[in-house]
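Participant: Numbering (UniProt numbering) for the sequence shown: 1 to 322.
Treat the hints as calculated values from the structure; they're not laboratory data.
These numbers come from a predicted model, not from an experiment.
For every residue, glycine included, the Cβ atom is placed at its ideal position computed from N, Cα and C.
Among the hints, a few may not be true.
[Stated by the list, open to error] Under the rule of at most 30 Å between Cα atoms (straight-line distance), these lysine-lysine pairs were calculated in the BS3-like manner: (1) Lys-206 / Lys-124; (2) Lys-139 / Lys-256; (3) Lys-139 / Lys-248; (4) Lys-48 / Lys-139; (5) Lys-248 / Lys-206; (6) Lys-54 / Lys-321; (7) Lys-139 / Lys-284; (8) Lys-161 / Lys-108; (9) Lys-161 / Lys-186; (10) Lys-248 / Lys-161; (11) Lys-206 / Lys-256; (12) Lys-124 / Lys-54; (13) Lys-70 / Lys-54; (14) Lys-248 / Lys-321; (15) Lys-139 / Lys-161; (16) Lys-77 / Lys-48; (17) Lys-70 / Lys-108; (18) Lys-256 / Lys-321; (19) Lys-124 / Lys-139; (20) Lys-70 / Lys-139; (21) Lys-161 / Lys-284; (22) Lys-70 / Lys-321; (23) Lys-108 / Lys-139; (24) Lys-248 / Lys-284.
[What the hints assert, rightly or not] Label pairs and their calculated CB-CB ranges: (25) Lys-321 / Glu-50: 19 to 27 Å; (26) Asp-132 / Gly-189: 15 to 23 Å; (27) Leu-220 / Arg-279: 29 to 37 Å; (28) Pro-47 / Asp-215: 37 to 45 Å; (29) Ser-305 / Pro-47: 15 to 23 Å; (30) Ala-59 / Glu-152: 17 to 25 Å; (31) Asn-75 / Asn-224: 48 to 56 Å; (32) Asp-132 / Asn-73: 31 to 39 Å; (33) Gly-61 / His-148: 23 to 31 Å.
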Amino acid sequence: MSIFLSFSHINYQRQMTYKILACLFLYPLFAVVSSECETLKIAPPFPKPEANYKDVEIANGVCARLYVPKSANPNQKLPLVVYFHGGGFGMYSAFFPPHDTYVYSLVKKANVAALSVDYRQGPKNPLPIPYDDSWEAIKWVASHSAGHGHEEWLNNYVDFKRIFYSGDSAGANIAYNMVMRAGSEKLDGLNVNGIALIHPYFWGSKPIGTHESSDATSRLEADNIWLINSRNAFGLDDPRLNPLVDPKLSTLGCSKVLVLIAEQDIYRDRGFYYYEALRTNGWKGNVEIMETPGTHVFQLNFPDSKYAQEMLERISSFVNKP
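Could you build the full structure based on these sequences and the hints that come with them?
Facilitator: Structure (structure tokens):
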């Protein structure tokens, strides 16, 4: 498909925005998602010599790809990374080759199991449906914590005391919101150690930092991703999008956070201020930040690049560090 061939040659943020807006603006007229948006969700898996994988159905149209290292041993259970793909809440999927490749690379590098969640997306399924679907996936994971769930790989190979959430862009936003929800809705048997947020899509009504103030076009694009996918039901200072205004931020339901930001990313400053807020707002956990050169989610465009590999190494260390 041409989208796969051109993926590495077009700025991911612009490519994502133009395609998602084209799909979204068609929705009120035809009440369907464009065929291109749907076809982007269909991708054959590539060979994974160091991991076993399967696609699993969870509930309510929610599915996921589950990965386990081929070296996995039931006597040495592994951390589980629950991963949420990006795409502005309206594009791509857990099966889209760049996301599939990235999660497999994390499984291989960190020696972890991973569940990459394919949540329903807007505009056909507007916010908060992507959040609710993601929570359903987490509850499904938790149902295996006593070793009696339907999925044997989770029963046999996962250490439920070492659970992590991660994601890129809008997926990082989902990962953050799942941990916020975990702070108020406890799930028996599930211990969420931390979250690794890759270029998180955080936003707000007032520009902050130099990136937002100097790029009006990208700012409008970022506004529209939220407003259209929520069908204007939620404003730009909804705490799910703008955690800096959330009075409950200190209730974050994990013990450590890694924020990864990119120098040329319009969301860079939001990620940095989120890191600063966690350091100063009374949250009792440990927060780290890593900044690299590059644009928004460049690691999907160029997974073998120096900085993409450094990011992968940092996430691996974060997950495996006691």
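Participant: State for each hint whether it applies.
Facilitator: Hints, verified against the model:
| no. | hint | verdict |
| --- | --- | --- |
| 1 | Lys-206 / Lys-124 | holds, 28 Å |
| 2 | Lys-139 / Lys-256 | holds, 21 Å |
| 3 | Lys-139 / Lys-248 | holds, 22 Å |
| 4 | Lys-48 / Lys-139 | holds, 27 Å |
| 5 | Lys-248 / Lys-206 | holds, 20 Å |
| 6 | Lys-54 / Lys-321 | holds, 27 Å |
| 7 | Lys-139 / Lys-284 | holds, 25 Å |
| 8 | Lys-161 / Lys-108 | holds, 20 Å |
| 9 | Lys-161 / Lys-186 | holds, 14 Å |
| 10 | Lys-248 / Lys-161 | holds, 24 Å |
| 11 | Lys-206 / Lys-256 | holds, 28 Å |
| 12 | Lys-124 / Lys-54 | holds, 27 Å |
| 13 | Lys-70 / Lys-54 | holds, 13 Å |
| 14 | Lys-248 / Lys-321 | holds, 27 Å |
| 15 | Lys-139 / Lys-161 | holds, 15 Å |
| 16 | Lys-77 / Lys-48 | holds, 20 Å |
| 17 | Lys-70 / Lys-108 | holds, 9 Å |
| 18 | Lys-256 / Lys-321 | holds, 11 Å |
| 19 | Lys-124 / Lys-139 | holds, 24 Å |
| 20 | Lys-70 / Lys-139 | holds, 26 Å |
| 21 | Lys-161 / Lys-284 | holds, 19 Å |
| 22 | Lys-70 / Lys-321 | holds, 22 Å |
| 23 | Lys-108 / Lys-139 | holds, 25 Å |
| 24 | Lys-248 / Lys-284 | holds, 13 Å |
| 25 | Lys-321 / Glu-50: 19 to 27 Å | holds, 22 Å |
| 26 | Asp-132 / Gly-189: 15 to 23 Å | holds, 21 Å |
| 27 | Leu-220 / Arg-279: 29 to 37 Å | holds, 31 Å |
| 28 | Pro-47 / Asp-215: 37 to 45 Å | holds, 40 Å |
| 29 | Ser-305 / Pro-47: 15 to 23 Å | holds, 22 Å |
| 30 | Ala-59 / Glu-152: 17 to 25 Å | holds, 18 Å |
| 31 | Asn-75 / Asn-224: 48 to 56 Å | holds, 51 Å |
| 32 | Asp-132 / Asn-73: 31 to 39 Å | holds, 35 Å |
| 33 | Gly-61 / His-148: 23 to 31 Å | holds, 25 Å |
Going down the numbered hints, you'll see the structure goes against none, and every one checks out.
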